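Residue numbers (this note's numbering), protein chains in the order written: chain A, 35 to 123; chain B, 10 to 130.
Read the hints as simulated data drawn from the structure, not as lab findings. Be aware that a few hints might be false.
Claimed, not checked - Subject to a maximum C-alpha distance of 16 Å in a straight line, what follows is the list of computed EDC-like cross-link-like pairs (lysine to aspartate or glutamate):
| id | chain 1 | residue 1 | chain 2 | residue 2 |
| --- | --- | --- | --- | --- |
| 1 | B | K102 | A | D63 |
| 2 | B | K110 | A | D63 |
| 3 | B | K102 | A | D120 |
Computed from a prediction, not measured in an experiment: that's the story for all the values here.
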Amino acid sequence: MLTTVLQFAFFMFSVALLLNLLRFFRGPDLLDRILALDTIYINSLALLILLGMWHHTSFYFEAALLIAMLGFIGTVAAAKFLLRGDIIE
Amino acid sequence: MLDTLPFWLELTICFFIVLGACFALIGSIGLLRLPDFMTRLHAPTKNTTMGVGGVILGSLIYFGATTGFNIHELLIAIFLFLTAPISAHLLAKAGMHRQLKLTENTRDLRKKPEQFSDEQS
Chain A
35 MLTTVLQFAF FMFSVALLLN LLRFFRGPDL LDRILALDTI YINSLALLIL
85 LGMWHHTSFY FEAALLIAML GFIGTVAAAK FLLRGDIIE
Chain B
10 MLDTLPFWLE LTICFFIVLG ACFALIGSIG LLRLPDFMTR LHAPTKNTTM
60 GVGGVILGSL IYFGATTGFN IHELLIAIFL FLTAPISAHL LAKAGMHRQL
110 KLTENTRDLR KKPEQFSDEQ S
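Work out the full structure, taking the sequences as your base and the hints as a guide.
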């Protein structure tokens with residue numbers, strides 16, 4: 035049962051990533067693209083955690099933690115740049 | 010390896026994973042289909058947090074039952090729950106600063122609300 039549910043969750047997250055990619059290419063403004071990238075890194079992080087459960091190893095969690103931290107910093111830097119024209123004042 | 014857990018534990022893990030996957034997909038559909046930036050900001054920033062929370066809860070129960078409790082997943086969940094509202098707040102502030110087009114139903118703080126969506130077609 036767990037194998038089937040993991041395959042189902044892989045499918046759902048892959049479809050979600052495709053929809054985010056569509057918004058990334060279609061977004062009318064720069065902020066829509068940044069928001070799509072923000073959603074993409076969170077979804078791929080969840081996909082990485084599911085892959086760790088699939089392979090029954092906990093080594094993927096460090097990679098997921100790194101993706102979480104660097105994605106947050108990237109989103110904040112891009113939004114701050116659009117807001118003020120500078121990242122660190 | 011994957012099918013040696015007791016049934017009720019497996020059922021709990023499956024419930025949380027399916028819940029998280031459904032939330033993430035609904036958030037991404039909202040990101041694709043909603044009409045303007047503020048509503049599009051609303052959809053994924055809440056639903057992906059809930060989706061990752063469900064997946065991490067299922068993974069926490071699974072690894073707690075098989076190999077022992079692992080602090081890293083809980084760390085990821087706490088970090089995401091702390092940082093997702095901050096990035097959403099900064100994106101909303103940048104959107105207000107850039108004065109994006111909003112639809113009629115979105116509450117507009119400027120004088121005259123624009124009456125159209127910002128999609129081209």
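So which of those numbered hints doesn't the model satisfy?
Structure breaks no hint.
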